[in-house]
Amino acid sequence: MPNSATDDPEYDLAVIGAGAAGLAGAVTAAELGLSVALLDTSAQPGGQFYRHPAPALGATRPEALHHDWSTFTGLRRRLADSSVTLLAGHHVWTVVRAETGGRWDVHAVTGADGDGERPVRVRARAVLLATGAYERQLPFPGWTLPGVVGAGGAQAMLKSGLVLPGNGVSPAGAKPRAGGRVSSAGATSRAGGRVVVAGSGPLLLAVAASLAKAGARVPAVVEASGYLGYARHPRTLAVNAHKMVEAAMHGTALLRHGVRLRTRSAVTQVHGSDRVEAVTVSRLDRDWRPVRGSGRRIVCDALAVGFGLVPQLELATGLGCTTRRAQDGSHVLDLDAQQETSVPGIWAAGETGGIGGAQLACVEGELAGLAIAARLGGRPAPAGSARARALGRRRDRMRAFASVMAAAHAPGAGWSRWLDDATDVCRCEEVSAGRIREAVTDFGARDARTVKLLTRAGMGWCQGRMCGAAVACLAAEGPGEALPPSPERRPLAVPVRLEVLAALTETAASESGDPEASAAREEGTGG
Amino acid sequence: MARDRSPAELVGAVPDATFEITFDGRPIVALPGQSLAAVLWAAGILAWRTTRVGGRPRGAFCGIGHCFDCLATVNGEPNRRACLVPARPGDAVTTQEGHGHAELGDR
Ligand SMILES: Cc1cc2nc3c(=O)[nH]c(=O)nc-3n(C[C@H](O)[C@H](O)[C@H](O)COP(=O)(O)OP(=O)(O)OC[C@H]3O[C@@H](n4cnc5c(N)ncnc54)[C@H](O)[C@@H]3O)c2cc1C
Ligand code: FES
Chain A
1 MPNSATDDPE
11 YDLAVIGAGA
21 AGLAGAVTAA
31 ELGLSVALLD
41 TSAQPGGQFY
51 RHPAPALGAT
61 RPEALHHDWS
71 TFTGLRRRLA
81 DSSVTLLAGH
91 HVWTVVRAET
101 GGRWDVHAVT
111 GADGDGERPV
121 RVRARAVLLA
131 TGAYERQLPF
141 PGWTLPGVVG
151 AGGAQAMLKS
161 GLVLPGNGVS
171 PAGAKPRAGG
181 RVSSAGATSR
191 AGGRVVVAGS
201 GPLLLAVAAS
211 LAKAGARVPA
221 VVEASGYLGY
231 ARHPRTLAVN
241 AHKMVEAAMH
251 GTALLRHGVR
261 LRTRSAVTQV
271 HGSDRVEAVT
281 VSRLDRDWRP
291 VRGSGRRIVC
301 DALAVGFGLV
311 PQLELATGLG
321 CTTRRAQDGS
331 HVLDLDAQQE
341 TSVPGIWAAG
351 ETGGIGGAQL
361 ACVEGELAGL
371 AIAARLGGRP
381 APAGSARARA
391 LGRRRDRMRA
401 FASVMAAAHA
411 PGAGWSRWLD
421 DATDVCRCEE
431 VSAGRIREAV
441 TDFGARDART
451 VKLLTRAGMG
461 WCQGRMCGAA
471 VACLAAEGPG
481 EALPPSPERR
491 PLAVPVRLEV
501 LAALTETAAS
511 ESGDPEASAA
521 REEGTGG
Chain B
1 MARDRSPAEL
11 VGAVPDATFE
21 ITFDGRPIVA
31 LPGQSLAAVL
41 WAAGILAWRT
51 TRVGGRPRGA
61 FCGIGHCFDC
71 LATVNGEPNR
81 RACLVPARPG
91 DAVTTQEGHG
101 HAELGDR
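First to last, the protein sequences are chains A and B. Each residue of the first sequence is one higher than the one before, counting from 1 in the working numbering. Each residue of the second sequence is one higher than the one before, counting from 1 in the working numbering.
Hints were generated in silico from the structure; no laboratory data involved. Don't take each hint at face value.
Cβ-Cβ distance ranges computed for the label pairs, FRET-style [unchecked claim]:
#1 B:G76 x A:H242: 45 to 55 Å
#2 B:E77 x A:E438: 32 to 42 Å
#3 A:G293 x B:D24: 37 to 47 Å
Negatives, chain B to chain A, calculated, CB over 12 Å [what the hints assert, rightly or not]:
#4 A60
#5 G65
#6 G90
#7 T94
Bear in mind the structure is a predicted one, so any value in this text is a computation, not a measurement. Ideal placement from N, C-alpha and C gives every residue a C-beta, glycine not left out.
All chains should be built: construct the whole structure from the sequences, respecting the hints.
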């Protein structure tokens, strides 16, 4: 497997994202004879699910933090044996149509955080978007305190860095706990920090199980939905037995570690002055409105929170790919049976087509690899082959389960009742719920975009990834008809320095004629 | 109940030699292959930035490079995402106040 790109080479296929979907797509296509470049921001392949420690950390049992590790080692072996060019540490910021017909230009910046010196362009005949997802967050009083971390974020830090949030020093004045000292001996977390896991969605169980296995004390998993949503679809559950087995395994691990599961509840307040000291957990009604007087305080050092996942689509929407609304209201790519987007030559697999987990991502990646190889080889779509048919059936079955899951954990409209006016909704620009409500009720903002222009909510470094879902809900709460939400558009998928942009004569941003593009470019470099 | 287990024990980690970095001048131990954010968490440090408007403390939130809450000044260079940047021997991480530099617009 070659590891570096020569000057402006041209590939048959550029795969963006080396998670389950991208890996499966890349090796499948390469094994069918295509030249493939596989780009990922990380230093190592794996994506979110198969995230693992760097080799220098010397993990002899990486599988202890994973289900299904052998699927990954299988893919990794095929990658090593293949001709795929792995471009690690490559942050793709835009994909545009090349001036030579039927080609795409993938533009990336390099380095651990995209701070490297070298802008890179990869040209390819087809592109597979396998950029995965990020966590949906909903704000609540105190959610900006240090020690409040994303649930998937806590999982990612544990899987890659072997650390837990909220162990170590106790807050000033609090009684130090055994095992809770500043670690000066070794730089991986010690056991003992208390981490509450909260939000909604199946990821919470996986995160709580990993944290507990790794030595954190998890006093509670707080799930805003009930699990009854699943029970309404017995047939879908029956044909997705692996998902039930997975849930049962997490459940067993949680029982063993004495973790309590509280459903129809949410963390409605975080306490502490400079870091988390406790949380208040309140019961919710079926619309996620907190039940007055039901709050109970739980002492903890950290809170790992997330409300499901949202597909990462900026490269796709920049290319004009069509999206559709999923059961939980999020936008996902609209794909045909062969995993192709509405833009011919641009394909997608995994979470970009809707949240469904790593196994589904593998299946879709392979399907896309087969289909792209057929297309570029001038052969008819592979739907007729036995392999493609079997994969297609597995995909459809898992997609059905994913829909049940999305519906069961869709945020209830009442969540905004747990906000007070002082809560910062936009973490980057520090815009409070009060200011957003003012923009909605006094200035008539009816969608996230108008709120953004009036308040700067969503205009900061993260380009609205953290507050977008919340701002859209708050805008829809105003009087009169709400505007249907549109997929968030971000001209740049990752921040890029002005020099890099200036060096390009043609960019997606200028071609799209988006008036926001020029503003965002400046933000992309300075914040 | 495997209560006193650590993540390193769980995965049977046999890391390469540890090294030191500093946080606001104070030495902390790092393992090769950890991000700066992981090194700070392991030392019990959860905040290494203050916000521009409210001057509030912040640290890692999303853990995967999306939220930009973990921005730190590393060896004098502001606005590095600590959850992505690997720790290297002798790195000096300092609490980043606000933008981390006087002027807006470049880094
Ligand atoms: C923080 C987080 C933690 C998660 N943890 C778990 C878990 O523990 N268990 C579980 O079952 N599921 C977890 N998930 C769900 C996860 O999304 C799926 O299980 C699975 O990883 C999906 O595979 P994928 O290939 O579609 O995407 P991913 O595995 O997310 O892979 C996408 C890859 O694309 C790369 N990428 C994205 N944008 C760019 C770009 N612009 N340029 C270059 N590269 C890019 C990313 O770095 C990533 O490696 C987690 C999700 C998140 C967001
Ligand atoms: S923690 Fe979100 S970008 Fe680093």
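For this structure, which hints from the list above don't hold up?
Structure breaks hints 4, 5.
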